[in-house]
Amino acid sequence: MTVRYDDIHVGDRMPEWSRRTSFAEWNRYAAVNDEFVPFHMDDEAGRRAGNEAGAFGMGNLRYAYIVNALHDWIGDAGPVREVGCQYRAINQKEDTLTVVGEVTEKAVEDGEQRVRLSVNVVNQDGLATCPGHAVIVLP
Amino acid sequence: MTDSDLTYVTPEMHAAQGRWNDARTAPPITGTDIKRWAMATFYPEKPPRIFWDVEYAATTQWGGIVAPPDFNPFAWPLERPKPAAPGLMGARPDGKAMTGMNGGQTDTYGVRMRPGDVVSERRRLVDWWEREGRLGHTLYVRNEIEWRNQDAELVRTRLSIGIRY
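Just so you know, the sequences run in chain order D and B.
Counting in my numbering, the first sequence runs from 1 upward without gaps.
Counting in my numbering, the second sequence runs from 1 upward without gaps.
Pulled out of the complex, with its shape left as it was, chain D reads as follows (with noise of 0.2 Å):
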C-alpha cells in the first residue's frame, strides 16, 4: 500500500522495525562495506577502544537500518531526500534494535512534498542509541 502525503500527519509514527544484532549482522556489513575495524571484530580489541564488553556493532549498520525502516514503510515509489543521526551508544552483542520515528514536519518545497521525521533506534533496553533526523518526499 502507497504511503500518501495527504495521509500523513505530524505526530503520526512509522512502523517500528528490528534487528537483532550480532556478529551474523556486523561480519556481513564488513564484508560489503569493507570495514573490517579490529574493534568491531575482536572482543580485546572492542575493550582497548574503550568497551568493557568486547567488540561492538558499526554505526553505519544502524544508519542502513534507518534508512531500510524508511523504505520499508514508504515502499520503492518514496525517494529518501536526507537522513541524519549521531551515535551516542554502543550497539553490543544480542542487541536487539528497533527503529523508531515521529513525524515532524511537512511542507511542499522545490516542487516535492515532503515529510520530516524525527528518528532513533533503540535498543531492548530503551535505551536511545541513535537520534537523528530523515526527510522522505511522498506522492
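Since the hints were made in silico from the structure, they are not lab data.
Hints are not guaranteed to be accurate.
Unchecked claim - In the DMTMM-like style, the derived pairs of lysine to aspartate or glutamate whose C-alpha atoms are separated by at most 25 Å in a straight line are:
1) B/K96 to D/D43
2) B/K35 to D/D72
3) B/K96 to D/E35
4) B/K35 to B/D94
5) B/K96 to B/E12
6) D/K93 to B/E45
7) B/K46 to D/E16
8) B/K35 to D/E16
Remember, it's a predicted structure, so these values are computed and weren't measured experimentally.
Position chain B against the provided structure of chain D, taking the given hints into account.
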C-alpha cells in the same frame, strides 16, 4: 603541559581546512554490488525487489534497479584512499595510539545510484572541536564529502563527524 594546553589539532589540519582534496572515482557499480549490499543490511530478511529483481524494477518509477541510498560504491578499493582529514595525529602526546570512531553523519541525497554508474568523490575538512568526555580528551572532526555520477549529477552530500581520543 597543563590539561588546558592539550590539543590533538595539528598545523596540517589548519592548512587543509576548507580545501577540497583531489577527487577519486569508484569502479562502475554492478547489480551484484547492489544486491549484496541490500542482502547484508536487510539480513536476515530478504531485501526489497527494487534492489535485485530486474523485471520488477523496470515496472517502478525508477525504470530499473537502483541502489539503497546508503550504498557505498567506494568499498573494496584496490588503492587505499588518503586519510579523510589530512594531518590527524596517529598517537597522543602520552605516546598511546589514538582510537578513531564514527560520531555520526547527515546525508542529503540527489539522484539515485544505478548499475553502471561511475561515482566520483571529493572531500574537505570543514572544522573541528575538542572537549573532555567519557573517554578523556576527545577531538571531533567534521568533513564534507560530495559524490557525483558520470553525468556530474549530485548523488549525495555527507557531513560526517569523526571522533578521535
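Hints and how they fare:
1. With a C-alpha separation of about 19 Å, the suggested pair B/K96 and D/D43 falls inside the 25 Å cut-off, and the hint holds.
2. With a C-alpha separation of about 16 Å, the suggested pairing of B/K35 with D/D72 holds against the 25 Å cut-off.
3. This hinted pair checks out: B/K96 and D/E35 have alpha carbons roughly 23 Å apart, not beyond 25 Å.
4. Between B/K35 and B/D94 the CA atoms are separated by roughly 46 Å; this puts the pair beyond 25 Å, and the hint is violated.
5. Of the pairs offered as hints, the one joining B/K96 and B/E12 holds, with about 20 Å between alpha carbons and a cut-off of 25 Å not exceeded.
6. The straight-line distance between the Cα atoms of D/K93 and B/E45 is roughly 19 Å, inside the 25 Å bound, and the hint therefore holds.
7. This hinted pair checks out: B/K46 and D/E16 have alpha carbons roughly 17 Å apart, not beyond 25 Å.
8. Restraint check for B/K35 and D/E16: satisfied, since their Cα atoms lie roughly 24 Å apart, inside the 25 Å limit.
In this structure, the one hint that does not hold is number 4.
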